[in-house]
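Keeping their order, the protein sequence lines are chains A and B.
Numbering follows this note's numbering, with no gaps: position 218 of the first sequence is 218.
Take the position in the second sequence, starting the count at 1, then add 264; the result is the number in this note's numbering.
Each hint should be verified, as a subset may be incorrect.
[To be verified] Capping the alpha-carbon separation at 25 Å, the derived lysine-lysine pairs in DSS-like fashion look like this:
(1) B:LYS372 / A:LYS43
(2) B:LYS373 / B:LYS275
(3) B:LYS445 / B:LYS347
(4) B:LYS387 / B:LYS372
(5) B:LYS341 / A:LYS28
(6) B:LYS312 / A:LYS28
(7) B:LYS373 / B:LYS334
(8) B:LYS339 / A:LYS28
(9) A:LYS43 / B:LYS341
Hint data in this document are derived by calculation from the structure and do not stem from the laboratory.
Because the structure is a prediction, the values reported are computed rather than measured.
Now for the letters of each chain:
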Amino acid sequence: MNLYKNILIFLGLIGNFFYSVMDSLGYKLFFFFSCIKSCVTPKFYPQLLLNQIFKIGFNSLPVVGLTALFTGMVLALQSYTGFSRFSAESAIPNVVVLSITRELSPVLAGLMVAGRSGAAIAAEIGTMKVTEQIDALKTLSTNPYNYLIAPRLIASVLSLPFLVFMGDIIGVFGGYSICVHVLNFNPNVYLVNTFNFLQFMDVFSGLVKASVFGLIISFMGCYHGFHASGGAQGVGLATTYSVVSSSILILFFNYLITSIFFSL
Amino acid sequence: MKPVVKISNLKKKFRNKEILNDVNLMIYESQSLAIIGESGSGKSVLTKCISGLLDFDFGNIRYKDIYSLKNSNEKVKNQHISKFGILFQNAALFDSMNIYQNITFGNKKANILKILDAVGLNKDCLDTYPANISAGMQKRVGLARAIVTDPEILILDEPTTGLDPIMSIQINKLLKKLVAKQKLTTITITHDMSSVYEYADKVAFICDGNINWYGDIQDLKKTTNIKLKNFINGKIED
Numbered sequence: 001m002n003l004y005k006n007i008l009i010f011l012g013l014i015g016n017f018f019y020s021v022m023d024s025l026g027y028k029l030f031f032f033f034s035c036i037k038s039c040v041t042p043k044f045y046p047q048l049l050l051n052q053i054f055k056i057g058f059n060s061l062p063v064v065g066l067t068a069l070f071t072g073m074v075l076a077l078q079s080y081t082g083f084s085r086f087s088a089e090s091a092i093p094n095v096v097v098l099s100i101t102r103e104l105s106p107v108l109a110g111l112m113v114a115g116r117s118g119a120a121i122a123a124e125i126g127t128m129k130v131t132e133q134i135d136a137l138k139t140l141s142t143n144p145y146n147y148l149i150a151p152r153l154i155a156s157v158l159s160l161p162f163l164v165f166m167g168d169i170i171g172v173f174g175g176y177s178i179c180v181h182v183l184n185f186n187p188n189v190y191l192v193n194t195f196n197f198l199q200f201m202d203v204f205s206g207l208v209k210a211s212v213f214g215l216i217i218s219f220m221g222c223y224h225g226f227h228a229s230g231g232a233q234g235v236g237l238a239t240t241y242s243v244v245s246s247s248i249l250i251l252f253f254n255y256l257i258t259s260i261f262f263s264l
Numbered sequence: 265m266k267p268v269v270k271i272s273n274l275k276k277k278f279r280n281k282e283i284l285n286d287v288n289l290m291i292y293e294s295q296s297l298a299i300i301g302e303s304g305s306g307k308s309v310l311t312k313c314i315s316g317l318l319d320f321d322f323g324n325i326r327y328k329d330i331y332s333l334k335n336s337n338e339k340v341k342n343q344h345i346s347k348f349g350i351l352f353q354n355a356a357l358f359d360s361m362n363i364y365q366n367i368t369f370g371n372k373k374a375n376i377l378k379i380l381d382a383v384g385l386n387k388d389c390l391d392t393y394p395a396n397i398s399a400g401m402q403k404r405v406g407l408a409r410a411i412v413t414d415p416e417i418l419i420l421d422e423p424t425t426g427l428d429p430i431m432s433i434q435i436n437k438l439l440k441k442l443v444a445k446q447k448l449t450t451i452t453i454t455h456d457m458s459s460v461y462e463y464a465d466k467v468a469f470i471c472d473g474n475i476n477w478y479g480d481i482q483d484l485k486k487t488t489n490i491k492l493k494n495f496i497n498g499k500i501e502d
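With the rest of the complex left out, here is chain A (with noise of 0.2 Å):
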């Protein structure tokens, strides 16, 4: 008999358990089809999304170039480390290229703009939350998915590959200065085995992904805001939440996304 009381006791923690999880999906489910209906019904702030893609593209670009230099350089530095052994130096601008578009320019772009501008966004509406900013504007006949959330998504979506292009650029040459000026590769070979070899494919890839960690990054920074909730710690959980769930979520994607392209 208690046995049997204890079966249904612990079947009982797996159905509440799942029921919670599915509950919480739901919820973050039905949040981001409400946020993709607002960028696409009016009342449109064309204003805010100048001034967010200000906020997260061009802001965001000496991090996210600086970021992209330094992991040329260094993945120059590594690839002849190893492909000097087997006199496969001449690889290495494919490498290099390949590397960065396709992989480490999404990747780290995306992690950077999360920890910069995903933090900002969660904490500028979880403070807003907090503070009753946005009960205030609903009542001022404001649907805050349009004010808030809206323009900081398209911002992100937009701007996100504009950055990985420009940390294509940027981290490709930190790997050519490297290679010329230290290594003392010829820049003219140097040049024609990175553009003969680079594919149109390799490039999109990367915007693509970057697209999707744009959203990704927005929308986590937004969701925790909405919800955040008992003053400046809230805040404070809602930022820490919003970067380690888009840093995960840019991770996961990044291979997803990937294997697509893989099988393509």
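Position chain B relative to chain A; hints supplied.
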């Protein structure tokens, strides 16, 4: 007098904790209702439900027998929210906007000078940002923003909280003048009994998520309700 808002059997839970439990209340036109009660008794939740900012679990809220909020769609909810002007507890001003932008937000037709005069503000402050003005001034700006849309019902969430005694008296006098002049229907949430005596006609005392006492302001001092008496006199129950 017909009720503007009729609240019946309202219930609201947060994570299995019952905040509102069977609340029944009528709000009449041009009436100034004060909702008083201890912290955490459900005053703010009640006004958020009344204004449509928060969904309720059970019961109904009817507006002038025109529509009810129960099972209403987004359009009705938005229409309902726009009938309210709210002065939030900490004013809830938009930090990134100056005072002018805060007051006229989305309302280009606003007669800014008339509004400034009504809340006792000078036009010199219009370029200032909320972080650079005092708490009392923030309340005035919040009030200006709340009345700029010509709301049918004005909700004042603890209008004197966080203010010094002199500023509290000034805000109370300003609200009294405003309520009398514009014949506004107001709902005031407060702990400050001087606000209640200054401009309320009716008082609702909320206790454990329920309306424990409701009556005219004149009957408040004569009440025999122990909980209400203790609340008014600031006594702790033995």
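How the hints compare with the structure:
1. Only pairs whose Cα atoms come within 25 Å are accepted, and LYS372 (chain B) paired with LYS43 (chain A) is accepted, the gap being roughly 16 Å.
2. With a C-alpha separation of about 39 Å, the suggested pairing of LYS373 (chain B) with LYS275 (chain B) is violated against the 25 Å cut-off.
3. Of the pairs offered as hints, the one joining LYS445 (chain B) and LYS347 (chain B) holds, with about 19 Å between alpha carbons and a cut-off of 25 Å not exceeded.
4. Of the supplied pair hints, the one linking LYS387 (chain B) and LYS372 (chain B) holds, its CA atoms being roughly 17 Å apart against a limit of 25 Å.
5. Under the criterion of a C-alpha separation no larger than 25 Å, the hint pairing LYS341 (chain B) with LYS28 (chain A) is consistent with the structure, at around 22 Å.
6. A hinted pair counts as satisfied when its Cα atoms are at most 25 Å apart, and LYS312 (chain B) with LYS28 (chain A) qualifies at roughly 24 Å.
7. In summary, the hint linking LYS373 (chain B) to LYS334 (chain B) is not supported, as the alpha carbons are separated by about 33 Å, beyond the 25 Å threshold.
8. Annotation: proposed proximity of LYS339 (chain B) to LYS28 (chain A) holds, straight-line Cα distance about 22 Å (limit 25 Å).
9. Distance check on the hinted pair: LYS43 (chain A) and LYS341 (chain B) sit about 17 Å apart at the alpha-carbon level, within 25 Å; holds.
Of the numbered hints listed earlier, those contradicted by the structure are 2, 7.
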